[in-house]
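Student: Sequence:
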Amino acid sequence: MCVLPPLLTLHVTTPSYWTIVAFFHLTFGSLAVCLQSMQLSISTV
Numbered sequence: 001m002c003v004l005p006p007l008l009t010l011h012v013t014t015p016s017y018w019t020i021v022a023f024f025h026l027t028f029g030s031l032a033v034c035l036q037s038m039q040l041s042i043s044t045v
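Per the UniProt record's numbering, the very first residue in the sequence shown carries number 1; after that it's consecutive.
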């Protein structure tokens with residue numbers, strides 16, 4: 001975890017910045033879907 005911030009700041013100036021953006025977008029997107037499905041399962045109970 002401690003290695004991530006320097007890596008991110010290092011990659012911001014490179015084209016791979018967009019791959020990081022896409023990675024985080026996918027990660028948070030899947031998290032949101034997971035939370036939504038959990039809410040749905042809770043509401044159905």
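Derived from the structure by calculation, the hints contain no laboratory data. A virtual CB, placed ideally from N, CA and C, is assigned to each residue, including glycine. Careful, some of the hints might be misleading.
[What the hints assert, rightly or not] Here are the simulated distance ranges between beta carbons:
1) S16 x S43: 27 to 33 Å
2) T44 x F24: 27 to 33 Å
3) T44 x S16: 31 to 37 Å
4) W18 x M38: 36 to 42 Å
5) A22 x T44: 37 to 43 Å
6) Y17 x T44: 39 to 45 Å
Student: If a hint holds in the structure, say so; if it does not, say that too.
Tutor: Going through the hints against the structure:
About 40 Å separates the C-beta atoms of S16 and S43, a value inconsistent with the hinted range of 27 to 33 Å. In this structure the hint that T44 and F24 lie 27 to 33 Å apart at CB holds, the actual value being about 30 Å. Between T44 and S16 the CB atoms are about 42 Å apart, so this pair departs from the stated range of 31 to 37 Å. Distance hint check for W18 and M38: the Cβ-Cβ separation is about 30 Å, which falls outside the suggested range of 36 to 42 Å.
At roughly 33 Å, the beta-carbon separation of A22 and T44 lies outside the given 37 to 43 Å, and the hint is violated. Between Y17 and T44 the C-beta distance comes to about 41 Å, which sits within the given range of 39 to 45 Å.
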